[in-house]
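**Student:** Chains as they are written, first to last, in my numbering: chain A, 21 to 421; chain B, 21 to 421.
Since the hints were made in silico from the structure, they are not lab data. Mixed in with the good hints there might be a few duds.
You can't tell identical chains apart in this list, so a pair holds if it fits in one copy or across any two.
Below, in silico cross-link-like pairs of lysine to any residue (SDA-like), each with a Cα-Cα straight-line distance of 20 Å or less [unchecked claim]: (1) K46 <-> D333; (2) K47 <-> I415; (3) K47 <-> D372; (4) K46 <-> D372; (5) K147 <-> A158; (6) K46 <-> T174; (7) K46 <-> G137; (8) K47 <-> D333.
Protein chains: 2
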Amino acid sequence: MTPLPVPGGVTAARGFSAAGVSCGVKKTGPDLALVVSDRLASAAGLFTTNRATAAPVLVSREHLRASEGHARALVANSGCANACTGPAGLEAARLMAAETARAVGCEVEHVLVASTGVIGVQLDTRKIGTGIIGAAGALHRDGHAEAARAIMTTDPWPKEHAVRVETPLGAFVVGGMAKGSGMIEPRMATMLGFLTTDAAVPPGRLRRALTDAAEDTFNAITVDGECSTNDSVFALANGMSGVALDERGDEDFVEALRGVCRELALGIVRGGEGATKLVTVRVTGAVSYADAKAAARAIANSPLVKTAVHGGDPNWGRLVAVAGRSGSAFEVGRARVGIGPVVLFADGRPFDERAPEAARQLTGREVTLAVDLGTGGPHEATMWTCDLSADYVRINAEYRT
Amino acid sequence: MTPLPVPGGVTAARGFSAAGVSCGVKKTGPDLALVVSDRLASAAGLFTTNRATAAPVLVSREHLRASEGHARALVANSGCANACTGPAGLEAARLMAAETARAVGCEVEHVLVASTGVIGVQLDTRKIGTGIIGAAGALHRDGHAEAARAIMTTDPWPKEHAVRVETPLGAFVVGGMAKGSGMIEPRMATMLGFLTTDAAVPPGRLRRALTDAAEDTFNAITVDGECSTNDSVFALANGMSGVALDERGDEDFVEALRGVCRELALGIVRGGEGATKLVTVRVTGAVSYADAKAAARAIANSPLVKTAVHGGDPNWGRLVAVAGRSGSAFEVGRARVGIGPVVLFADGRPFDERAPEAARQLTGREVTLAVDLGTGGPHEATMWTCDLSADYVRINAEYRT
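Whenever a hint applies, use it, and build me the whole structure from the sequences.
**Tutor:** Encoded structure:
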């Protein structure tokens, strides 16, 4: 069955509650989110491949290993990434988990932690501790919106999505929330993403489903080509719908999970730093999937492509140039480049008379760039990115000042 | 002997003349450059690794092969890259060489051609032909400055340099000119660069010397991570100083050539699109040279690092994050990060009290970012880049409009 969107974000699934509070790590606004499952849930996590791994990532990995893929609570703060903070930072992340375990009433290894914000600043554990106690007291079935706000940094809006799936085995819900919005080019997992479901999914299968769903959602977006120190996506499955999925249901589950991940991932791109447009980069005619994705990634990260899109310039030559330098097999004489449905270059010849039509395509909030690599190969890949504006520069030149 | 700077750019060496004229390919200003050696010279070329290779690159490669590394003339136009122009573009590049051979009075395979400008537009061969005849009539010993202007696109100023070297075998001169200024991250050669010398250097040795000199000059700069379709560096050695170099002199020659290439390369970075600062990225403590260069390249291309430098923010956390995602071996607990001489992070601990001092380092026109990868390895590498400003976005959002 097609998953149907429902309200409720990360608490849409049965048996999950959440809260978001202000504890003073950020100068203003909510900065601590707590998500709790009523009963022990299967849990899976995907983490950054950055070698400067942040302390909360190390602790969450440890806990998933110790608990053999189970968790009760997710706790996350914004305003401080707790990255590059050495042994003191690791201690702070452990304390954050211990405080949460105490407040929620669970084992410490059943707590997963995440942080986002400025790198290289120590986490104020006193403030975090007070925040955790406050959040535990404020937990409620409808706390998703506050939680989604509390994990934001430079995000212009919160990212939430949930779907309900009817299957022959019964109905279940998959929901989630995420934050962006700079240092975004997840290579393995991404940013912060929190998924919940009331389907019953064993930990190993949950991990495979999350990996599958992330590949063409969180791992297919980029704002600025920067893989962060803190990227983490977590999924909790508490089984409280009473629906235990067999192989057939598993496919429904992955599809629902992918749908939620995609909405959250696209939300991150739409809300990318300085972004004014969502850009879909579609690469076809590649000799392998890896080649297709490498070319799509190169185009999605090209400052010349992203500034041209920002300026509404149908500059297809830049698309050819980037495809050519991407390292992927590329036959310029048989390549094809289009903006939306408008083909601007094919069989070695430009169609410049179509430039005004292509320019009109670029005036919308959503733009598709289509590049066929001309090898005759059957492989294809899609990446999503945003345009590069002067606001990106302003936001990042002034981030800490 | 230390090479001494001398005036004269690409015509500083004996037996070279040049001219730059307007032929109307660009809307305004000079757009055709011609450089001629009085006698047949050894010639070498390095070219883009972009698979969407432009027509003039294909023709120059062909000519270097046919002539076994000899040339009399270099001809280059700005305003049109003659890239993605198919068979008609190849024909145009051949015509450009043939017109030059006729005007100069040499074999067509002794002409090397280059183009720079917009991709995907056919070259107007009638205008180019008229320009070549005009330039051949205007050739003079002091034409270097006009030629250097005629190859500019968005460059804010021309790039020229020349040095004189005294050796036990006699004195010779190495000079050159280059253009930038966007689509700059040469991987094999670069942009357009033209080097001349009156030393006598056989073609094979000239090629090795040029490859050597380019590795830590043209191949160590980046403005925006974009390897162009037209990157070409040429060197001509006509022997008219009477100095024929043996092994000892060869070292002097490579050093002089590297010095000229470095000045031109740094000039390109200083004049990068929207650039306000020259940024030297120095990576040490790597397990291999490849790792050192990969980390330096990742930092030099990071939009978050480049915007922080632009904003004067000593945000060392971004340097750690980029080093961590670069793929190079990296030990965050033993890494060291500094801005100029100010160490901001070492042994896993930040020195935030030094931030004001580091911020002062960032106010200058030249900035050094130093990152030790903490592996204890002996390898190091340097890349040069510029900051990322809102002007880069403006220039590239409006390039064709």
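**Student:** Confirm or reject each hint.
**Tutor:** How the hints compare with the structure:
1. K46 <-> D333: between (39 Å within a copy, 19 Å between copies)
2. K47 <-> I415: Close inside one copy (17 Å), not across copies (36 Å); limit 20 Å.
3. K47 <-> D372: Intra 51 Å, inter 19 Å, cutoff 20 Å: inter-copy only.
4. K46 <-> D372: between (51 Å within a copy, 18 Å between copies)
5. K147 <-> A158: Answer is within; shortest intra-copy Cα gap is 16 Å, inter-copy 75 Å.
6. K46 <-> T174: Within. Shortest intra-copy distance 12 Å satisfies the 20 Å Cα cut-off; inter-copy 42 Å does not.
7. K46 <-> G137: within (9 Å within a copy, 47 Å between copies)
8. K47 <-> D333: between (40 Å within a copy, 19 Å between copies)
Checked against the numbered hints listed earlier, the structure breaks none of them; every hint is satisfied.
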